[in-house]
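Residues per chain are reported as follows:
Number of protein chains: 2
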Amino acid sequence: MVTNDIDHLISLLAKLPGLGPRSARRAVLHLMKRPDSLMRPLARAMDTAAETIKTCSTCGNLDTRDPCAICADARRDTSVICVVEDVADLWALERGATFKGRYHVLGGTLSALDGVTPEDLGLPQLSARVADGEVAEVILALSATVDGQTTAHVIADRLAEAAPNVTLSGLAHGVPVGGELDYLDDGTLSAAMKARRPIAGAGGP
Amino acid sequence: MVTNDIDHLISLLAKLPGLGPRSARRAVLHLMKRPDSLMRPLARAMDTAAETIKTCSTCGNLDTRDPCAICADARRDTSVICVVEDVADLWALERGATFKGRYHVLGGTLSALDGVTPEDLGLPQLSARVADGEVAEVILALSATVDGQTTAHVIADRLAEAAPNVTLSGLAHGVPVGGELDYLDDGTLSAAMKARRPIAGAGGP
Chain S
1 MVTNDIDHLI SLLAKLPGLG PRSARRAVLH LMKRPDSLMR PLARAMDTAA ETIKTCSTCG
61 NLDTRDPCAI CADARRDTSV ICVVEDVADL WALERGATFK GRYHVLGGTL SALDGVTPED
121 LGLPQLSARV ADGEVAEVIL ALSATVDGQT TAHVIADRLA EAAPNVTLSG LAHGVPVGGE
181 LDYLDDGTLS AAMKARRPIA GAGGP
Chain G
206 MVTNDIDHLI SLLAKLPGLG PRSARRAVLH LMKRPDSLMR PLARAMDTAA ETIKTCSTCG
266 NLDTRDPCAI CADARRDTSV ICVVEDVADL WALERGATFK GRYHVLGGTL SALDGVTPED
326 LGLPQLSARV ADGEVAEVIL ALSATVDGQT TAHVIADRLA EAAPNVTLSG LAHGVPVGGE
386 LDYLDDGTLS AAMKARRPIA GAGGP
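Order-wise, the sequence lines are chains S and G. When we follow our numbering, the leftmost residue of the first sequence carries the number 1, and every step to the right adds one. When we follow our numbering, the leftmost residue of the second sequence carries the number 206, and every step to the right adds one.
Treat the hints with care, as some may be off.
[Said to hold, decoys possible] Here are the simulated BS3-like pairs of lysine-lysine, each with C-alpha atoms no more than 25 Å apart in a straight line: (1) S/K33 to G/K238; (2) S/K33 to G/K220; (3) S/K15 to G/K220; (4) S/K15 to G/K238; (5) G/K305 to G/K238; (6) S/K54 to S/K15; (7) G/K238 to S/K54; (8) G/K238 to G/K220; (9) S/K15 to S/K33; (10) G/K259 to G/K220; (11) S/K54 to S/K100.
[Unchecked claim] Per label pair, the in silico range of CB-to-CB distance: (12) G/T350 to S/R22: 14 to 22 Å; (13) G/S348 to S/R34: 35 to 43 Å; (14) G/A361 to S/D5: 30 to 38 Å; (15) G/R239 to S/A195: 34 to 42 Å.
I should point out that these hints are in silico values taken from the structure, not numbers from a laboratory. A virtual CB, placed ideally from N, CA and C, is assigned to each residue, including glycine.
All chains, please: the whole structure from these sequences, using the hints.
Written out as structure tokens, the structure reads:
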């Protein structure tokens, strides 16, 4: 005998990625046992986020201010732009903390079937940013999937036209750190073999 | 460069069962892309639920009213009480839609280690409900775990004392419908063998 309020909450929670109807039910029961320590704070945090989070008009990142903290940070290198598919990818690179330049978030990949055009991904804005002279390198950090690589090709073509002097680069393919060779697919393994590097102190290949 | 508002929302969402920090990040990104169609409605639904949902003082079910819709439903059989561990178990039985009596939700199992006493599980209230004369049967639908079965024994002892004429029963053990024998544990299989039933129209065992 589930009431409408509870049903409604379950159906909304079930829309989150990684939660189905069954885990949404579990989550709702968990919340209802802790109305004051979890459910109300969560509702408030969502309201606040919906109110304050905006998309950075320069790079497409999500932040409470526009331009975002990364674009506004004067200590970051303005000569390198890293193109990523999604804000999640930007967060992942920031957790890695090796990249100190700025970003361009596409918000997806090109797709004729789904009607995603270069304009939807902000490619004209990216070309304009790159062409203004300050940028020396653009890193295309897109997924190694068919869609990601197609999009990378289109971006590379456009940028070669808009700013011929800018270096274009992509992420290295190879064995994941901590990964076992046995579990790797053939494509990754042969890419890692082709891109093999001399080991410091020993003779190269 | 995750802002504090987003971090706070992620850390709250990560407390839900089934969501860790990684899936909470994915969920938050999903929400932030749909502030008006998902994030605000979800916040509102949680606020409403925190406001309106209460625990039924008779059976321990969660509902917008007290007594809950099940206890208030005059068409349900008042002579049978089904004892369950949790509201989730009550919901599961209601989805099955074969039980037409009323419930008693314990809210957990007895545990000397965690300091859960019979009073915490509402056993005095259950004894009083059962002893008032209208109840003919109590079904102990507790988990087939050590904790569940220990709790079932304690409840059976108390009810035998409080209301000696009331029938006590437990759920049948056996092969799950749709389950494959090969994957069943030995205990379930031998319980199903011991409780084997004659097939209609054929000779019994």
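**Message:** Under the constraints set out in the numbered hints, which ones does this structure not fulfil?
**Reply:** 1, 5 and 13
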